[in-house]
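Below are the chains, spelled out letter by letter.
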Amino acid sequence: MKHYWFTEEHEMLRRVVREFSEQEIRPKIRELDAKEEFDRSILDKMGEMGFLGVCIPVRYGGAGMDYLALGIVSEMLEWGDTAFRETISVHVALNSLAIFQWGTEEQKEKWLIPQARGEKIACYALTEPNAGSDVRGIQTRAVRQGDVYILNGEKMWITLADVADHFLVFAKTDPEAGHRGISAFLVERGAPGLKTGTIHGKLGARASNTGWIVFEDTPVPAENMLGEEGEGFKIAMSALDNGRYTVAAGAVGVIRASLEESVAYAKQRTAFGQPIANFQLVQQKIALMQQRLDVATQLVYHAGWLKNQGIRNTRETSVAKWYATEAAFASANDAIQIHGAYGYSNEYNVERYLRNAKGAVIYEGTSEIHTLLQAQYALGYRKDKPLRRELPAYDPEEWTREA
Amino acid sequence: MSILVWIDHFGGKVQSASWETLGKARSLADATDGRVAVAVMGTDVRDIAEQAIAYGADVVYLYDDPVYEHFRLEPYAAAVKDATTSENPALLLFPATTRGRDVSALVACQMDLGLAPDAQEVSFQDGKVLAERPVYSGNLIAKVVVETTPAVVSLRPRTAPMPEADTSRQGEIVEKGAVIGEDAITTQVLNFEEKAVGEVSLTDARIIVSGGRGVKGPEGFEPLRELAQLLGAAIGASRAAVDAGWISYDHQVGQTGKTVRPDLYIACGISGAIQHQAGMRESKIIVAINKDPDAPIFQIADYGIVDDLFKIVPALTEELRKRLD
Amino acid sequence: MKFTVLLKQTPDTAELPKITPEQALAGNQGVTKVVNPWDEYAVEEGIRLKERFGGETVAMSMGPDEVDEALKSALAMGCDRAVRLWDESFEGSDVWGTALVLAKGVEKDGGADVILTGKMSVDGNSGAVAHGVACKLGVSLLTQVAKIVDISDGMITVERLLDEGRETVRAPLPAVVSVVKEINEPRYPTFIRIRKASRAKIPVLTAADLGLSPDQVGAAAAKVKWTELVKPPAKKREVVIIEGETPEEKARKLLDYLMNVEKVI
Chain A
301 MKHYWFTEEH EMLRRVVREF SEQEIRPKIR ELDAKEEFDR SILDKMGEMG FLGVCIPVRY
361 GGAGMDYLAL GIVSEMLEWG DTAFRETISV HVALNSLAIF QWGTEEQKEK WLIPQARGEK
421 IACYALTEPN AGSDVRGIQT RAVRQGDVYI LNGEKMWITL ADVADHFLVF AKTDPEAGHR
481 GISAFLVERG APGLKTGTIH GKLGARASNT GWIVFEDTPV PAENMLGEEG EGFKIAMSAL
541 DNGRYTVAAG AVGVIRASLE ESVAYAKQRT AFGQPIANFQ LVQQKIALMQ QRLDVATQLV
601 YHAGWLKNQG IRNTRETSVA KWYATEAAFA SANDAIQIHG AYGYSNEYNV ERYLRNAKGA
661 VIYEGTSEIH TLLQAQYALG YRKDKPLRRE LPAYDPEEWT REA
Chain B
372 MSILVWIDHF GGKVQSASWE TLGKARSLAD ATDGRVAVAV MGTDVRDIAE QAIAYGADVV
432 YLYDDPVYEH FRLEPYAAAV KDATTSENPA LLLFPATTRG RDVSALVACQ MDLGLAPDAQ
492 EVSFQDGKVL AERPVYSGNL IAKVVVETTP AVVSLRPRTA PMPEADTSRQ GEIVEKGAVI
552 GEDAITTQVL NFEEKAVGEV SLTDARIIVS GGRGVKGPEG FEPLRELAQL LGAAIGASRA
612 AVDAGWISYD HQVGQTGKTV RPDLYIACGI SGAIQHQAGM RESKIIVAIN KDPDAPIFQI
672 ADYGIVDDLF KIVPALTEEL RKRLD
Chain C
420 MKFTVLLKQT PDTAELPKIT PEQALAGNQG VTKVVNPWDE YAVEEGIRLK ERFGGETVAM
480 SMGPDEVDEA LKSALAMGCD RAVRLWDESF EGSDVWGTAL VLAKGVEKDG GADVILTGKM
540 SVDGNSGAVA HGVACKLGVS LLTQVAKIVD ISDGMITVER LLDEGRETVR APLPAVVSVV
600 KEINEPRYPT FIRIRKASRA KIPVLTAADL GLSPDQVGAA AAKVKWTELV KPPAKKREVV
660 IIEGETPEEK ARKLLDYLMN VEKVI
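Chains as they are written, first to last, in the working numbering: chain A, 301 to 703; chain B, 372 to 696; chain C, 420 to 684.
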């Protein structure tokens with residue numbers, strides 16, 4: 301679908317990422333999904349091509365593209381499989397963009413550049429066994445001792461936990477101060493007392509690596525604090541504005557794939573002597589998928605456009621994520637129905653789409669959280685205040701400047 | 372009117388496409404009271420010239436010289452041009468083999484002649500040569516008229532019937548030597564490594580013999596392999612056979628395997644569920660061998676045998692062996 | 420060293436079965452287009468040769484504005500420059516007209532040591548452009564190339580993939596090399612290269628630039644004319660059930676059909 305906001309660069313990027321998904325992900329994904337295996341070789345290829353620094357300025361090791369490009373990459377990777385879009389969500393959106401937005405020059409040099417180049421893999425460690433939507437309820441502690449903070453606690457449901465070299469960790473520096481008592485830390489694998497593990501048995505996104513992280517008296521140099529002490533909650537939330545955007549864009553990819561495969565199948569499969577595409581109840585499902593694809597596309601790339609302009613987009617991103625992930629789940633469900641019993645088996649992709657799509661209506665703000673957010677905005681109970689550091693607007697000249 | 376046919380051979384072994392092409396030229400010439408000339412290049416290839424007469428040539432230009440030992444475009448194109456000058460034909464006809472396509476294209480360009488490569492049909496009309504050639508990778512057929520005389524056409528293998536050889540036929544052999552000497556040839560052949568006989572890959576295969584649940588076990592693929600070897604075919608399988616562990620995944624045809632478009636797909640003991648069809652329905656000719664007359668595979672097959680594959684497949688191998696000998 | 424890759428923009432192979440004769444005659448209108456898949460291997464090899472022997476790799480194509488997209492793909496993969504050859508008088512060129520334009524393009528661009536192209540295009544299927552360009556330039560021609568072994572002392576050594584085996588051949592430079600897909604695995608473009616390529620301004624050389632007059636190229640000069648373009652007759656898929664007393668009889672009858680009627684064996 302052509303859009304006035306997409307340039308030739310975006311169209312080329314879309315073609316290349318689609319081809320990448322088609323050739324590198326789709327042929328392997330059924331097996332990876334069945335075995336719950338994260339394929340590191342795919343991640344390495346993504347790194348070489350520039351996926352891992354897609355919207356990071358060239359001087360920080362990135363490709364110097366804009367935030368729409370981040371959306372396109374997310375969409376067309378998830379068209380292949382959710383696993384590799386999740387990689388982009390945590391490595392680029394939740395971690396690298398947070399460093400880009402909040403980090404000091406020294407931190408960008410040390411952490412962002414190798415991440416954008418794909419030399420180091422990064423993840424985002426907020427959720428805990430007993431704290432998901434309730435971010436204030438996190439229990440990981442960071443206690444200052446001279447030049448270091450000592451971290452203790454446990455993180456859960458962390459994408460790339462067992463793969464990442466760099467961790468953006470949120471911990472309480474002042475347990476009495478509520479959300480103002482949370483601070484953000486950049487931690488390297490190899491730090492004493494840091495252990496990770498993989499969680500098996502997920503319903504979907506089984507080719508993605510999801511795991512846990514444990515900190516036992518892990519010392520983190522004070523200079524590795526991202527932002528100021530007590531600024532962690534704001535950093536976490538601003539990072540989610542970017543993470544949710546990639547989740548929403550990925551959901552567009554699920555809808556697109558569901559629609560494409562349903563159309564192909566409905567034209568080929570015959571019942572009662574004619575292609576099932578001729579039946580109006582099948583057509584209705586196809587029509588709904590098209591409608592969801594169009595609406596979700598508009599919502600997602602509008603949010604991307606706002607990011608490019610440097611306009612705060614917490615509400616717009618939230619509504620895009622809420623709508624697109626629900627629409628993806630509904631579309632995958634319809635696609636299975638169109639495929640009949642075959643759709644219920646892993647002979648076709650659509651059952652995987654349904655399993656994958658379910659995760660996205662839970663993580664990065666459940667649909668319930670987004671429903672409440674939208675109500676609060678509409679009722680005037682919630683307003684976004686300017687942040688100390690905003691996500692920089694896309695400046696093509698600045699972004700593409702070499703060295 | 373005359374037609375000049377170039378004969379492709381490798382080390383004296385003639386490609387059957389050459390004789391098909393000669394047969395086609397013969398039938399075109401017979402319809403117009405014309406004659407058929409043949410150009411043969413090689414070393415010690417007089418027997419090919421004699422065979423060419425048996426297959427329908429009236430005259431053979433025989434370029435027998437060490438310079439033609441290996442196929443090289445420069446001396447071969449020079450010889451074809453020499454034969455063209457001697458014969459002054461209305462049509463230069465080549466088998467569309469790899470070498471045939473190479474030498475026809477170069478000769479046509481050097482002589483500034485119109486070229487219709489890889490044609491499946493060729494005819495004369497009002498003194499012009501018409502050809503039909505598959506384009507868009509076989510998805511469209513272009514009907515073309517060649518505006519030059521002679522016209523240059525290469526004929527796709529297996530589009531004309533193999534002619535019968537008649538050793539009593541008489542014809543003239545015109546001995547020709549090297550047209551250009553070794554010193555004028557810049558291309559040197561340094562080495563040749565014969566292809567090891569190995570398995571044919573599924574996606575490149577012209578013929579695929581494929582097995583499904585009906586082969587009953589890994590050993591059930593054996594008769595299929597024997598047939599495939601005789602046919603130069605690849606071995607395919609349905610998901611049922613692969614999931615059962617009877618054959619490896621790289622043989623799987625279908626939705627979750629490979630998509631193939633061979634000339635001939637022989638489905639043995641495959642029911643033909645929609646996801647298998649997705650990978651093979653574009654095959655040119657589909658043969659289904661299955662005990663169950665209601666198997667969906669028969670709905671998309673061109674030829675069907677309702678019988679036990681373990682009886683039919685060996686019978687096919689046996690009969691084919693007889694015919695190929 | 421200078422390596423020039425001749426490429427064509429063709430329909431995406433997935434689209435080929437859907438194309439109607441009308442669309443094809445109207446320049447593949449409304450069809451997703453890509454770099455001819457065979458030519459992608461030539462682009463990759465052109466880039467690898469530059470990496471091996473140093474120098475410059477140029478992508479060149481004949482065609483209207485839209486062909487820039489294909490040339491930009493070649494730039495994104497790693498070609499240094501792109502040149503497009505177009506003039507209204509080129510419209511309707513046959514394979515020799517196309518070869519003449521490309522040969523003149525190579526000459527005008529300052530010549531090249533190795534001129535690479537794919538084995539054939541997925542739409543025209545002639546597989547003769549390489550022959551035409553070599554002939555018009557009067558240089559060596561190497562087809563079916565599966566490996567470039569060496570380039571040194573003004574000679575190129577390659578391995579050619581034949582039906583019967585692999586042949587190693589040496590020929591003097593400059594040479595036109597048409598490649599088969601066994602030669603390499605084309606790389607993906609990097610995002611940085613995509614960004615730069617998408618903004619590239621590709622120079623166009625016209626008939627006047629190439630010193631070509633209208634009677635040398637285009638439909639006027641074509642030595643082969645397409646009179647008609649049709650879909651192959653639709654397959655009926657009416658199954659012929661082969662009956663017989665014995666398996667042997669059934670096998671005989673089936674082989675008669677396959678060998679004598681369908682001619683697929």
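Treat the hints with care, as some may be off.
Said to hold, decoys possible - Derived DEER-like restraints, expressed as beta-carbon distance ranges:
1) B:Gly616 / C:Gly529: 26 to 36 Å
2) C:Asn679 / B:Ser539: 17 to 27 Å
3) C:Gly630 / B:Glu518: 48 to 58 Å
4) C:Asn679 / B:Arg596: 50 to 60 Å
5) C:Asn679 / B:Arg540: 18 to 28 Å
6) C:Val649 / A:Gly501: 28 to 38 Å
7) A:Asn578 / B:Glu565: 50 to 60 Å
8) B:Glu565 / C:Glu475: 32 to 42 Å
9) A:Gln609 / C:Glu475: 33 to 43 Å
10) C:Gly511 / B:Gly616: 19 to 29 Å
11) B:Leu601 / A:Ala641: 30 to 40 Å
12) A:Asp594 / C:Asp499: 35 to 45 Å
None of these hints come from the bench; they were simulated from the model. Note that CB positions come from ideal geometry on N, CA and C, so glycine has one too.
Evaluation of the provided hints:
1. A hinted range of 26 to 36 Å for the beta carbons of Gly616 of chain B and Gly529 of chain C is inconsistent with their spacing of about 60 Å.
2. Between Asn679 of chain C and Ser539 of chain B the C-beta distance comes to about 25 Å, which sits within the given range of 17 to 27 Å.
3. Hint check: Gly630 of chain C to Glu518 of chain B, Cβ distance near 24 Å, so the stated range 48 to 58 Å is violated.
4. A beta carbon spacing of about 26 Å between Asn679 of chain C and Arg596 of chain B contradicts the range 50 to 60 Å that was offered as a hint.
5. In this structure the hint that Asn679 of chain C and Arg540 of chain B lie 18 to 28 Å apart at CB holds, the actual value being about 23 Å.
6. A beta carbon spacing of about 57 Å between Val649 of chain C and Gly501 of chain A contradicts the range 28 to 38 Å that was offered as a hint.
7. For Asn578 of chain A paired with Glu565 of chain B, a C-beta distance near 55 Å keeps the hint of 50 to 60 Å intact.
8. For Glu565 of chain B and Glu475 of chain C, the hinted distance range of 32 to 42 Å is satisfied, since their beta carbons lie about 38 Å from each other.
9. Look at Gln609 of chain A against Glu475 of chain C: about 40 Å separates their beta carbons, and that is inside 33 to 43 Å.
10. A hinted range of 19 to 29 Å is violated for the C-beta pair Gly511 of chain C and Gly616 of chain B, which are about 57 Å apart.
11. With their beta carbons about 39 Å apart, Leu601 of chain B and Ala641 of chain A fall inside the hinted range of 30 to 40 Å.
12. For Asp594 of chain A and Asp499 of chain C, the hinted distance range of 35 to 45 Å is satisfied, since their beta carbons lie about 41 Å from each other.
Hint check: violations occur at hints 1, 3, 4, 6, 10; the rest are consistent with the structure.
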